[in-house]
Amino acid sequence: MSSVPVLLLETLEDLDNEQLAKFHFFLYSKVLDGFTHIPKAHLQEADRPRTVNLLVQTYSDDAISVTVDVLMKMKLKHSAETLKKNYNEAPTSQGSKEIDHHAIQEKLKFTLLKKCQNVYEGNTDEGDIVHLKKIYTELHVIEEAWGGFSEEHEVSQLRPMHGTPEQTAIEARDIFKPRPHQAKQIRTVLTLGIAGVGKTVCAQRYTLSWAEGQENQDIKFLFPIPFRELNPNIGDKDCSLMQLLHQFFPEMKQVQTLGTESKVLFIFDGLDETLLPLDFKHNKVLRDETEPAPLDVLITNLLTGNLLGNALIWITSRPAAANRIHRKYIHQWTEVKGFTNEQREEYFRRRLCDDNLTTKIINHVNSSRSLNSMCQIPVFCWITFTIVTKMLHDNVTGGMPNTLTEMYVYLLLCQTDRMRDGDYPMESNNIVLKLAELAFRQLEKGKLIFYEADLKECGMDVKEATIYSGVCTQESRRGRQIFSFVHLTIQEFLAALFARHSYLQRKENVFLGYLKRMSTKWLPKSMFSFHKTAIEKALQSQNGQWDLFLRFLLGLSLKSNQELMGRILPYVAEAESEGDTIRTINFIKEKIEEEPESRLNLFHCLHELKEESLVQEIQSFMSSGRLTTKTLSPVQWSALTYELTTSESTEEFDLKKYIRSEDGVVKLLTVITSSTCALLDRCNLTENSCKVLASALNSSSCRLTELDLSDNKLKDSGVILLSVGLKSKHCKLKHLRLHNCKLVGDCCEILGDAVSTESTQLKDLDLSANNLHPGGLKALCAGLRKPNCKLETLRLNECMLNVKCCEDLASILSSDSSHLKILDLSDNSLKDSGVSLLTAALMSQHCDLETLRLSRCDLTLKCCSHFGPALSSESTHVKELDLSGNNLQGQAGIQLLCDGMRSPHCKLETLRLNECKLQKCCADLASVLSSGTSNLKELDLSENDLLDSEVDLLSGGLANPHCKLEILRLAFCGITEKSCASLASVFSSNPSHLRQLDLSYNYLQDSGVKLISAYRDNPLCKLTDLSVDPNGECYLKSTLKQNACMLTLNPNTSAKSLFLHDGGKQVTWVREKQPYPDHPDRFESVSQVLCLQGLTQRHYWEVEWRGRWVDIAVAMRGIRRRAGSHMCGFGYTDQSWSLFCSEDHYSAQHNHQRVEIPAPKSRSHRVGVYLDYPGGTLSFYSVSAGTLSHLHTFNSTFTEPLFPGFGMEEDDCSVIICTEESSQAIS
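In terms of the working numbering, the sequence shown has 1105 at position 1115, counting the first letter as 1, and numbering is strictly consecutive.
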């Protein structure tokens, strides 16, 4: 029988070179209906055999069908029919006819079902046998994990777990299914996870669901082969892959070859346990599964795809061993993160079946920082369950264990009680000490897996190690037995127990060399000297091998733990003196002072000794708000680092809460790199910080996926330094914000190279508010067009771009390698001619852009003639378009735009036309809404003088059954209660899809609001959010005199760095401390002041500001006065609302939530503030030449009087409260 590859090769050999090139074109051009394409890069320079391999690997059983389809498209009908005929007429061998693959599959499933349906908790002999489904809880598996060696101890890699947008959780059953953003098929998956986190159980659950016929039934054969079970085969005579499978799975003996027709999956569990060399570089290439070869050759060729290229491969590994397989052979990286809080609770509830006991355990775990972190690992949940149930069974009084040492002492008590229940004698040379010696000897050698010879060396046999102890487990394959402790931390605890016992009972310090140990054996001993040598040994270790061991060793010295251990080893000597413990604590503090930044484990050691003074001091500073104003010593910085890295908030770290300086970046670098998101914006950073951060990004242990460096003077030289880290293969950054970093574009070429490296993961880049020169943008675009660039979001708003820049930007959009989905070009003078270039690129078949923002780009109605055709193009993918702030006045332009939106090919869902000087547009928009082909869900027409007549026309479209609109904004449109009647008719005639309706700042009157509100009770009405604030700008203009208020600064609240003058109407920041008397209302740590007046009605006031920056705010009386800026700064708490004003940008902030606002084009420094206390709104306006320009509106429910306030901290910064007479006339 001619195989599929042979038939394909014969067909391709009949093609000439030009025809082969055309054949390749169809394979990579996304024209094959129902089939994925082969990436163009894979087909470049591919000869005929290579093309055949790609066809078989990509399409498996469908390779013939795909080839026939392509040949027909090439009009090579004779070649296509010949291939199809030869394939259909190919005879089937007699042997294969006799094989019933379905029966073999059923036998294999039955075997795997029996093997996988139960799981052991603990060890394989003494542990609890539990049905997997009874206790199995879905583990937190994330995609796009990052492989590589980490120098951290595995337990140190544990972080408090919070779901973040970057950690895309996936079901284990879906790990081979391509995500929407993945073009190529996934063949090989590597799943990482620390010991005990559940990798093996995850793979076992996958196998069980296949064996039960529930999931992944497209897989014909599934072969789970743990790496440790392959170890005994090393050195045996050569065998073929099929012979190896027959050895492990006798059910497969009838099958002599798997070929390309069968979809098979190999699961290789435990890469870290293999003894194979995995010599990918020197092993010969093997493509025949029936050809005998050494075991290492078989496995490496299977992993690389040379052998059974169509087979799926799943490998699990601890992180330290991940680099044994080169990244190029792995198509998908995943990581088992263990249990989330919810999954952990589910585990305890399934395991205990007692709600009261479950709640008690969960509360205890949550109350202990160490336990909360450790119990992400399922094996620690089992340990906790074992301990707590034992304590409750024995009626143990007192608190549950809190430190790690206490937990493991109780675990050992549980296991020794089991041993006693089994009538195993506890003699002087009892099994615990044998296990402890075994643990220490293997830890000293750096071994996690050991053999029977190692047991005998410590005077143990297999029965003692596994059945009686309950802390060791074994695997036995073909006469060779492999042993390990249930978890690495149990080995480290027992090793610490051995070291301590040897010193107390045998007078031997195991940390000294043999000669020195013997020579000092009979000299006077002190526990302090013993601890001192242990601490020094641990500090000398480069990879943290002895860190957890040291924590256990010191924890065992506590009297409470010694009393518990007395039940196991009653002859342990009396505890060391209190003086020894104090000397040990002081020695640890001395070592911390020597290298504070690198000795965080010593803080964990102090915790085991229940010495918390350093950490409590820092906690006191943090809670009191004094941290930002206090000069910390190196040790205090280290204590702060420890506190932050072990807290529950390390997913996002905001440096501004603690210090705004480059020194803070250096001192808290460990915290920054252990977080997934670092907010370093507005921290007074320069290029010096970029070099430090680049080095951090180059570290494999750095977890950062999001970095905000906005509003720092990094300059181009700083970004060039940062780009070195961005190019690193270890860099995991996906979001980088460089807003307003004083860039001019000299860094763009280097940055473009950095975001287009093969290893880059960057998807979101913000360069807004930087004055980029055209050459810089051109260089950046050149990088973004490269095939490896994965950027999906690019923000270039406020970058001084012009018409010429649009040509370079358009080249990105039309590039076949571009992944760009969101592009923000707002606040650039692009003009209509520039937009014409962009819209032409939108119609390219390669353009995937979905969001385009062109707010305030000096556009006119002419741009609509470009957008209309673009939106109606079948190849355009734009779903969101922002044209706000442009002069689109004139009906003709909107007609052209709407013509495109009515096209059945238009995919637009969000359209923003606010502040576009529109007057006659609603008839055309209504025709779009009622067209039946429109997908429009959000429409913003705010700040256009539409009046009632236009809204009446728009209501006709809203009432149409085809209308899908969900959000409509009509604020500041000059409409009255008449429009309310029109809109109410929409709800009465056809309950629409509308969920949000914004009619704020219009002349609605109460009667108009009631007309709409009456229909909200209709069960068919979906309206959930109705905004009907007062009449906005129109309202302010007509009622300014009525609501204008007189304000005076309150000297009792003023910080001493502020100088009040002009009768309390002006405040200026000064360097000299003002001689104000102490007062409980005075701001002490931030330069702020409040006014005397508490406001509870509708009020309007204006201020004029000067200098680099100021905060214009309102606050409740209860705002804190003596905390740091993050506790009492305007906008940082839920008791204040603030507008930050500077020359180049504004921002609005409340309760730490900040919204960026473009600086007014008028460059006016006068701000109007309108407070509608009863209505729950606070609005800020830029006031220029008698005109109000809306900046931002807060919506809230005010419950206490609000006091206007101001903040500033720079030379020459000041605020003047304008009197009613000095306020600009608003007409």
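None of these hints come from the bench; they were simulated from the model.
Among the clues, some could well be false.
[Said to hold, decoys possible] Cut-off 27 Å, straight-line C-alpha distance, at most; resulting in silico cross-link-like pairs (DSS-like, lysine-lysine):
#, residue 1, residue 2
1, Lys65, Lys99
2, Lys647, Lys253
3, Lys732, Lys681
4, Lys350, Lys274
5, Lys647, Lys515
6, Lys776, Lys811
7, Lys497, Lys30
8, Lys681, Lys768
9, Lys522, Lys646
10, Lys821, Lys852
11, Lys12, Lys67
12, Lys12, Lys63
13, Lys927, Lys910
14, Lys1063, Lys1046
15, Lys968, Lys907
16, Lys647, Lys681
17, Lys437, Lys527
18, Lys549, Lys794
19, Lys821, Lys794
20, Lys732, Lys30
21, Lys719, Lys869
22, Lys927, Lys1046
23, Lys424, Lys318
24, Lys210, Lys253
25, Lys811, Lys794
26, Lys719, Lys271
27, Lys97, Lys20
28, Lys821, Lys897
29, Lys1151, Lys852
30, Lys1000, Lys1012
31, Lys210, Lys30
32, Lys897, Lys907
33, Lys869, Lys907
34, Lys579, Lys515
35, Lys703, Lys1151
36, Lys522, Lys437
37, Lys647, Lys703
38, Lys907, Lys647
39, Lys780, Lys681
Each hint, compared with the structure:
no.: 1; hint: Lys65 with Lys99; verdict: 46 Å, violated
no.: 2; hint: Lys647 with Lys253; verdict: 55 Å, violated
no.: 3; hint: Lys732 with Lys681; verdict: 17 Å, holds
no.: 4; hint: Lys350 with Lys274; verdict: 59 Å, violated
no.: 5; hint: Lys647 with Lys515; verdict: 48 Å, violated
no.: 6; hint: Lys776 with Lys811; verdict: 16 Å, holds
no.: 7; hint: Lys497 with Lys30; verdict: 71 Å, violated
no.: 8; hint: Lys681 with Lys768; verdict: 25 Å, holds
no.: 9; hint: Lys522 with Lys646; verdict: 38 Å, violated
no.: 10; hint: Lys821 with Lys852; verdict: 9 Å, holds
no.: 11; hint: Lys12 with Lys67; verdict: 15 Å, holds
no.: 12; hint: Lys12 with Lys63; verdict: 10 Å, holds
no.: 13; hint: Lys927 with Lys910; verdict: 21 Å, holds
no.: 14; hint: Lys1063 with Lys1046; verdict: 5 Å, holds
no.: 15; hint: Lys968 with Lys907; verdict: 22 Å, holds
no.: 16; hint: Lys647 with Lys681; verdict: 23 Å, holds
no.: 17; hint: Lys437 with Lys527; verdict: 18 Å, holds
no.: 18; hint: Lys549 with Lys794; verdict: 77 Å, violated
no.: 19; hint: Lys821 with Lys794; verdict: 10 Å, holds
no.: 20; hint: Lys732 with Lys30; verdict: 39 Å, violated
no.: 21; hint: Lys719 with Lys869; verdict: 34 Å, violated
no.: 22; hint: Lys927 with Lys1046; verdict: 53 Å, violated
no.: 23; hint: Lys424 with Lys318; verdict: 45 Å, violated
no.: 24; hint: Lys210 with Lys253; verdict: 5 Å, holds
no.: 25; hint: Lys811 with Lys794; verdict: 22 Å, holds
no.: 26; hint: Lys719 with Lys271; verdict: 21 Å, holds
no.: 27; hint: Lys97 with Lys20; verdict: 40 Å, violated
no.: 28; hint: Lys821 with Lys897; verdict: 24 Å, holds
no.: 29; hint: Lys1151 with Lys852; verdict: 23 Å, holds
no.: 30; hint: Lys1000 with Lys1012; verdict: 17 Å, holds
no.: 31; hint: Lys210 with Lys30; verdict: 30 Å, violated
no.: 32; hint: Lys897 with Lys907; verdict: 25 Å, holds
no.: 33; hint: Lys869 with Lys907; verdict: 23 Å, holds
no.: 34; hint: Lys579 with Lys515; verdict: 22 Å, holds
no.: 35; hint: Lys703 with Lys1151; verdict: 23 Å, holds
no.: 36; hint: Lys522 with Lys437; verdict: 25 Å, holds
no.: 37; hint: Lys647 with Lys703; verdict: 19 Å, holds
no.: 38; hint: Lys907 with Lys647; verdict: 43 Å, violated
no.: 39; hint: Lys780 with Lys681; verdict: 24 Å, holds
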